[in-house]
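2 protein chains.
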Amino acid sequence: MNVPNQLSANEALEVISGGKLSVSALVQSCLDRVEEREPTIHAWQYLDKSARLLEAQACDSNPTKKILHGLVVGIKDNYDTHNMPTRYGSPIYDKNRPAADAAVVAQLREHGAIIFGKTVSTEFASSPPSVTRNPHNTGHTPGGSSSGSAAAVADNMVPISLGTQTLGSVIRPASYCGVVGFKPSYGRISCEGIKTLAESLDTVGIFGRSVTDVELVYRVLSKTAPAELDGYEGPVALALCRGPDWDKADSDAQSALEKFSEQLRAKGIRVDDFRLPDSFKDLAAATRIIHDMEMWRAFTDERVRNFGLISPELQIRFENASRLTVEEYEDAIEKGIKGRQELPGLLRGYDAAITLSATGEAPAGNTTTGNWIMNSPWSLLYTPCVSIPVLQGRLGLPIGLQVIAPRFDDAKALCVASWLHRNMNKR
Amino acid sequence: MNVPNQLSANEALEVISGGKLSVSALVQSCLDRVEEREPTIHAWQYLDKSARLLEAQACDSNPTKKILHGLVVGIKDNYDTHNMPTRYGSPIYDKNRPAADAAVVAQLREHGAIIFGKTVSTEFASSPPSVTRNPHNTGHTPGGSSSGSAAAVADNMVPISLGTQTLGSVIRPASYCGVVGFKPSYGRISCEGIKTLAESLDTVGIFGRSVTDVELVYRVLSKTAPAELDGYEGPVALALCRGPDWDKADSDAQSALEKFSEQLRAKGIRVDDFRLPDSFKDLAAATRIIHDMEMWRAFTDERVRNFGLISPELQIRFENASRLTVEEYEDAIEKGIKGRQELPGLLRGYDAAITLSATGEAPAGNTTTGNWIMNSPWSLLYTPCVSIPVLQGRLGLPIGLQVIAPRFDDAKALCVASWLHRNMNKR
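Protein chains in written order, with the numbering used here: chain A, 1 to 427; chain B, 1 to 427.
Don't take every hint at face value.
Remember, identical chains collapse to one label, so a pair may be satisfied in a single copy or spanning two.
In the DSS-like style, the derived pairs of lysine-lysine whose C-alpha atoms are separated by at most 27 Å in a straight line are [what the hints assert, rightly or not]: (1) K65 - K20; (2) K20 - K66; (3) K335 - K248; (4) K223 - K335.
Worth flagging that the hints you see were computed from the coordinates, not collected in a lab.
None of the values given here were measured: they were computed from a predicted structure.
Put together the whole structure using the sequences plus the hints.
Here you go:
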């Protein structure tokens with residue numbers, strides 16, 4: 001058996017329910033890993049070690065048949081938690097103590113999980129970089145905005161964490177950190193109790209080290225039936241989607257995806273070149289307009305009462321957003337509706353679409369969390385997106401393959417991603 | 001000049017900016033009205049009289065050109081407020097003090113308004129009746145869930161208040177209380193900082209005593225251009241929409257609408273009998289499914305940690321909702337998407353649709369907040385809906401006429417409603 005902190009969620013749950021591992025031992029192992037690595041990675045915004053050990057002991061004294069009994073989960077610090085401070089990545093909320101748990105945090109607890117701690121979020125889950133470093137190379141960003149959640153899972157501090165995606169804040173950090181990231185269909189999981197960034201786009205996301213783990217947590221939060229990953233026999237046809245912003249991807253990332261597609265074809269899977277219609281070219285810009293307008297209005301209290309506590313980068317972004325018109329915003333909303341109408345027909349006959357999860361490897365330094373252009377159109381299209389770490393770039397850093405299905409076909413996206421992750425050579 | 005508390009919002013702003021009325025005098029007048037009537041009406045959950053007078057004095061010492069300078073607004077107690085307790089209509093939140101204002105509360109303050117106090121909401125803005133009474137006849141319900149906001153405006157305690165509509169919680173209480181109620185297009189106004197009931201349906205609503213007043217506040221919150229109500233010359237053609245649940249309306253309400261339509265025709269307005277396609281018959285049930293599923297998941301923390309503090313009525317509702325399947329939920333979501341695609345084409349050629357705002361007069365007693373069946377399909381269709389008090393029932397209580405336009409045609413709905421309210425005989 002691996003040391004406990006290295007176990008997958010499903011492995012940990014199995015050995016715990018089989019009496020071969022105590023919840024306390026799992027929690028202690030994760031705490032030890034944090035103790036060792038946190039000074040380098042900076043994944044955690046809040047972590048109360050003794051409280052978590054007490055909670056684990058309580059779990060051990062009262063074993064249950066709950067599906068997530070004893071599972072250790074990290075929660076991005078833009079989710080409200082009734083027993084932990086919740087900072088939303090901003091000094092404005094240094095003293096914030098929410099009255100209640102976000103809906104999904106409460107769901108996790110209801111099903112037996114231990115909320116381990118709060119992971120670092122960028123400021124208001126927006127673009128300014130956080131302190132978190134990429135476990136694969138600490139000179140590089142882990143991506144954002146779910147920086148701490150992606151890094152904590154990648155570094156074996158926890159098997160599962162939650163993040164949020166508005167533009168590309170789950171799939172991109174999953175890509176950079178070499179973990180599995182899943183952004184379910186918009187609306188599949190409640191966003192209650194998550195600090196609103198852009199209501200038309202905000203989506204709960206899940207990080208894990210396997211698709212099987214991520215599917216388990218997804219199923220609990222969404223109330224859907226099991227996706228039957230094990231029985232799935234692999235895709236017949238995939239749409240290799242280079243657009244709409246393929247030219248913004250690095251050449252090594254492009255090559256890695258092309259090569260991966262050849263390997264798929266060698267396995268007998270049909271991989272068609274797939275072009276989105278020209279109308280989809282506007283979607284990234286439309287997503288940005290929706291994001292900026294909704295963010296601008298959602299943060300009125302912070303802008304008005306605490307402007308000086310907002311970072312200069314975000315201050316500028318708010319000022320630019322203030323110039324957007326309602327006409328631009330509603331045109332963008334309509335583009336999203338139209339794209340969502342068209343997409344299922346375009347993907348008919350394919351098991352899923354595949355593309356890059358990010359434009360390339362994690363950028364060096366800490367001046368950016370990277371480019372979300374490979375993600376934001378899909379955020380607006382409300383599709384399920386899974387990132388699996390099967391590609392790599394010129395520096396040997398991970399790059400994710402993004403698997404996409406039409407809205408509400410989450411089970412299909414998970415099946416395809418799981419099969420590819422298990423059956424294709426990993427990077 | 002009317003006594004200050006009876007002034008419309010536009011009148012009050014005009015006399016304040018003209019130096020003919022101080023903000024302090026307006027606030028004092030509203031407080032006096034509350035002092036006199038609150039023991040009968042029970043519209044307020046929280047009201048700090050001395051703090052509001054101090055705030056009014058500060059406004060008077062520092063006159064601004066802000067568009068809402070000195071306007072007094074009541075806020076439903078499911079909106080977060082940084083300086084007032086926020087109870088969400090539930091004893092679970094007796095000690096809740098939010099860290100920030102809801103986005104629209106902050107927007108109102110930014111534009112110079114005074115947040116007067118928090119109005120009574122039903123439990124979690126859901127169906128259990130509140131303590132508030134109908135100013136037109138205190139033996140009757142004011143409707144819900146925005147009970148206090150509707151009653152406070154009807155009773156001249158404040159000129160403007162905010163509520164929320166998920167199924168029918170703005171248009172129905174506006175109808176029962178004889179005031180103007182406006183539910184803008186879904187998504188036009190930020191819901192940040194409002195306690196989530198059902199994310200796919202929750203909408204900010206505005207109560208006032210004229211459409212002009214409501215339009216002013218709407219314009220500030222939505223950033224839209226003025227609707228040009230004064231220049232509007234009246235509708236040419238209206239769709240008299242009896243469906244999809246016309247048979248659930250009381251006969252006196254049906255007759256009142258028929259008679260009103262005749263009066264419109266007598267003024268030369270074309271009023272066509274308009275039938276929604278059969279597919280729209282399912283929308284009320286679909287709305288209820290979406291509401292129940294999203295409510296069930298949003299209130300997981302309350303259900304798990306504080307079930308005993310939830311009313312028996314809502315406990316049962318949660319238990320019923322727990323049996324809904326994801327398939328039923330997503331079928332309902334798809335029905336809404338399809339209805340929203342079809343509606344604009346169906347209404348082409350009409351200035352607006354008209355129907356009843358409620359099934360009849362406010363029910364007597366306090367065992368129900370009334371039936372939302374005339375509202376919930378439009379909530380799912382994301383349309384702007386305006387209720388104007390131009391009808392009445394057999395007991396002489398008000399009944400609203402509901403004016404509806406396609407999503408994002410809010411200006412048209414407001415223009416038609418304003419014209420009808422000003423040009424047709426009031427009840």
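- Query: So which of those numbered hints doesn't the model satisfy?
  - Reply: Of the numbered hints given earlier, the structure breaks none, since each of them holds.
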